[in-house]
Amino acid sequence: MARAVSTRTKAIWTVAAWIVALIIFFPILYTIITSLKSEQEAIAGFNLIPSFTLESYGEVQSQQNYFKFFMNSVIIAVGSTAIGVLIAVPAAWSMAFAPTKKTKDILMWMLSTKMMPAAAVLVPFYLLFRDFGLLDSRAGLTIMLMMINLPIVVWMLYTYFREIPGEILEAARMDGASLWGEIWHVLMPMAVPGIASTMLLNIILAWNEAFWTIRLTTTEAAPLTAFIASFSSPQGLFWAKLSAASTLAIAPILIMGWFSQKQLVRGLTFGAVK
Amino acid sequence: MATQNTRSIARFMMAPSVILLLIWMIVPLAMTLWFSFQNYNLLDPTNVSFGGLFNYRYFLTDPAFLTSIVNTLLLVVGVLIITVIGGILIALLIDQPIFGQGIVRILVISPFFVMPPVAALVWKNMIMHPGYGVFADISRFFGLQPVDWFAQFPLLSIIIIVAWQWLPFATLILLTALQSLDGEQKEAAEMDGANFLSRFWYLTLPHMSRAITVVILIQTIFLLGVYAEILVTTNGGPGYASTNLPFLIYRTALLGYDVGGASAGGVIAIILANIVAFFLMRAVGKNLDK
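Chains S and G, in that order, give the protein sequences.
Everything in the first sequence is counted per the numbering used here, starting at 161 for the first residue and increasing by one.
Everything in the second sequence is counted per the numbering used here, starting at 76 for the first residue and increasing by one.
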């Protein structure tokens with residue numbers, strides 16, 4: 161029996177929900193609006209209608225070379241994700257399909273490595289990176305982000321792989337498929353959606369990581385997190401420029417995020433909430 | 076049938092992840108522990124000596140340490156209270172029959188995808204700025220004196236910003252839990268004449284308790300490490316008013332060049348995190364057995 165909801169009740173709930181949603185979204189909305197204003201307009205008091213000038217976007221690129229930071233973010237986020245998945249897929253596969261008594265312990269141990277506070281190991285990593293010449297290098301940062309997200313990648317892949325019915329593999333084995341044939345022709349097609357979701361979430365996490373990306377870079381390898389952080393000491397009128405840089409920095413990931421809501425819940429709760 | 080062969084292949088496939096993580100964890104951990112017993116300053120790197128417990132005594136008796144511990148706890152607890160209660164309320168609201176639920180959901184979760192420096196600087200300059208922020212505009216509209224948030228309430232300002240970032244996460248997880256609640260049970264309770272409050276208290280809340288636990292534990296891990304939001308807004312100040320433990324370690328290490336002192340702080344941070352981790356592992360571990 162479906163619940164009968166009067167249009168009136170529905171309208172009241174709708175208005176309430178939209179008001180709350182718009183308040184929460186407001187800082188993002190206002191940033192986008194301000195990015196389309198001139199600097200004078202931006203500080204001229206509350207105004208939701210900008211003059212739709214792209215002046216600030218142009219300045220962020222011409223004065224601060226925005227594109228360089230953007231490319232660093234792309235390289236580091238995509239690179240760390242790709243390497244991480246390559247390393248994690250075999251591990252997650254064997255944990256899901258050939259579990260031993262130790263599998264659970266290994267998974268829990270991997271999870272526990274995520275709990276090491278970054279600041280606590282800042283000194284050793286800073287010194288190691290300095291001695292290996294990895295400070296302010298894209299390679300160093302890619303390795304760092306790959307490693308800090310590796311436990312989440314293994315976990316997510318594991319929870320996805322576990323849902324693939326084992327009987328299918330048994331059947332393939334009966335048909336004489338080799339182990340690699342099994343992986344490529346049977347497992348992979350079924351695992352691709354899970355791998356894609358894992359990669360999506362990992363790119364989001366890597367893109368937004370704001371401890372190591374700020375501390376281990378100065379100029380050459382600095383991604384968008386470090387670039388935006390440089391706006392913390394204001395120089396003259398910078399409201400519209402800050403808004404333009406911020407909008408550009410969050411837009412791609414915001415859109416990716418909208419597509420990954422479900423995976424987000426799963427990935428960040430280590431499968432505890434689905 | 077797991078043969079000996081499959082098993083060794085499985086071990087071989089797991090090896091890269093396990094070995095890399097092991098190295099990545101043990102080497103810095105051992106270094107932190109080692110440095111914490113050394114007198115080691117980066118300004119005088121040739122003069123390193125064994126310092127015993129000196130660094131711990133120095134760090135623990137530093138007045139900034141106590142302040143930073145209190146700030147760390149206030150930040151974690153403050154954000155948890157706002158996000159859990161706010162998250163439950165918003166999840167209940169979105170779960171109602173409404174028009175455009177998909178878009179409302181998207182708007183509500185968006186802050187989670189905003190990188191910390193952007194979130195903090197947008198709030199600092201566009202919303203809370205005493206001259207040009209939206210809050211100041213509102214104050215002036217009502218004829219009130221605008222509040223200089225980061226000078227008067229530095230820690231509270233950071234709590235508000237971080238809560239805004241994490242509210243979507245709590246909402247999304249609690250909403251997921253809410254939507255898995257059996258509709259028939261709800262209807263049965265409604266038919267029995269249970270009102271909204273008692274339905275919430277006896278049916279919905281117990282159903283969500285697991286999700287609430289998970290939200291609290293996972294957020295705590297991340298909230299213990301809040302850093303960028305402080306760096307770009309107050310830089311830990313005024314004085315130490317908004318310095319938390321990670322920020323104090325960063326100050327000691329990279330601004331004070333004190334490797335030994337920062338390492339002692341690091342060991343203390345690891346101990347704190349482990350206490351939290353212990354409870355999280357138990358909660359997640361239970362789920363694995365299911």
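Honestly, the hints are just simulated from the structure, not real lab data.
Every residue gets a Cβ at the ideal spot worked out from N, C-alpha and C, and that includes glycine.
Errors might be hidden in some of the hints.
One-sided and incomplete, this derived list gives chain S residues near chain G with beta-carbon spacing under 10 Å [as the list claims (entries may be wrong)]:
1) Tyr217
2) Ser222
3) Tyr226
4) Phe257
5) Ile308
6) Trp344
7) Pro394
Output of the computed footprint for chain S on chain G, the stretches with three or more beta carbons under 8 Å from beta carbons of chain S [stated by the list, open to error]:
8) 147-159
9) 180-191
Cβ-to-Cβ under 8 Å is the rule here; a few derived chain S residues that face chain G [to be verified]:
10) Pro187
11) Ile192
12) Thr194
13) Ala280
14) Leu329
15) Trp367
16) Gly417
17) Phe419
Non-conforming hints, listed in increasing numerical order
Of the numbered hints given earlier, those the structure breaks are 1, 2, 3, 6, 8, 11, 14, 17, listed in rising order.
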